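Since the structure of chain A is provided, determine the placement of chain B on it from the hints.
There are 2 protein chains.
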Amino acid sequence: MLINFEQIPETVIPHMRGGEGQVVSHMHVDGDNKIMKGFLAPGCTIGLHTHDTSSEVICIISGTGKVLYDGEYEPLSAGSVHYCPKGHAHSLINDSEEDLTFFAVVPEHGV
Amino acid sequence: MLINFEQIPETVIPHMRGGEGQVVSHMHVDGDNKIMKGFLAPGCTIGLHTHDTSSEVICIISGTGKVLYDGEYEPLSAGSVHYCPKGHAHSLINDSEEDLTFFAVVPEHGV
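Keeping their order, the protein sequence lines are chains A and B. The first sequence begins at 231 in this note's numbering and counts up one residue at a time. The second sequence begins at 231 in this note's numbering and counts up one residue at a time.
Isolated chain A, as found in the complex:
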């Protein structure tokens, strides 16, 4: 199936995972995957969280920022691909002056 994010109503999540500000996302969800296009305005973050039964792949579409992954910062810019395997922890941080736009897949793998 084709996923057209523009046809999926936006969801605004304040303080996602204890982060700053809000995340705006267009998300396709089923029992196996969350597939989303998301936006973080300057200063907004997704808080640090561990993927206990899932993982996450994030592709940066536009903007710059960083992740905190297992205690180390990784820089992000358009084209960057960040992977948080199951059992690891990360956050997503827009420390820039422009919107950070990303595509993400959160697969559920089970315990």
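To be clear, the hints were calculated from the coordinates, so they are not data collected in a lab. Remember, it's a predicted structure, so these values are computed and weren't measured experimentally.
Note that the list lumps identical chains together, so a pair holds whenever it fits in one copy or between two copies.
Restricting the straight-line Cα-Cα distance to at most 20 Å, the calculated cross-link-like pairs of lysine to any residue (SDA-like) are:
1) 296 to 235
2) 316 to 231
3) 316 to 340
4) 296 to 319
5) 316 to 233
6) 264 to 281
7) 264 to 237
8) 296 to 233
9) 264 to 338
10) 296 to 271
This is chain B only, laid out in the frame that chain A set:
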């Protein structure tokens, strides 16, 4: 972790899933996910296959083509996101005159 596809040696897969020609890919693999950047030259295809325990998300980076998904053709161009949920079948077809470049995630969900 950051995945830099340019630092991953390319894998050439002839007749992938019974398809035409070959797929060139740079792939990060663990027990939970295959994360890849792939290229299909004009006329090349990934053959029809069913995702019995996994699923697949494909984002088109450049070029045009189509998928055959559960018996229906879906057109693809840069920015298209195709999703094949677990239990469904698809193929990927480059019926254009230029390379089709894509990013894909194949998560394993178990039975």
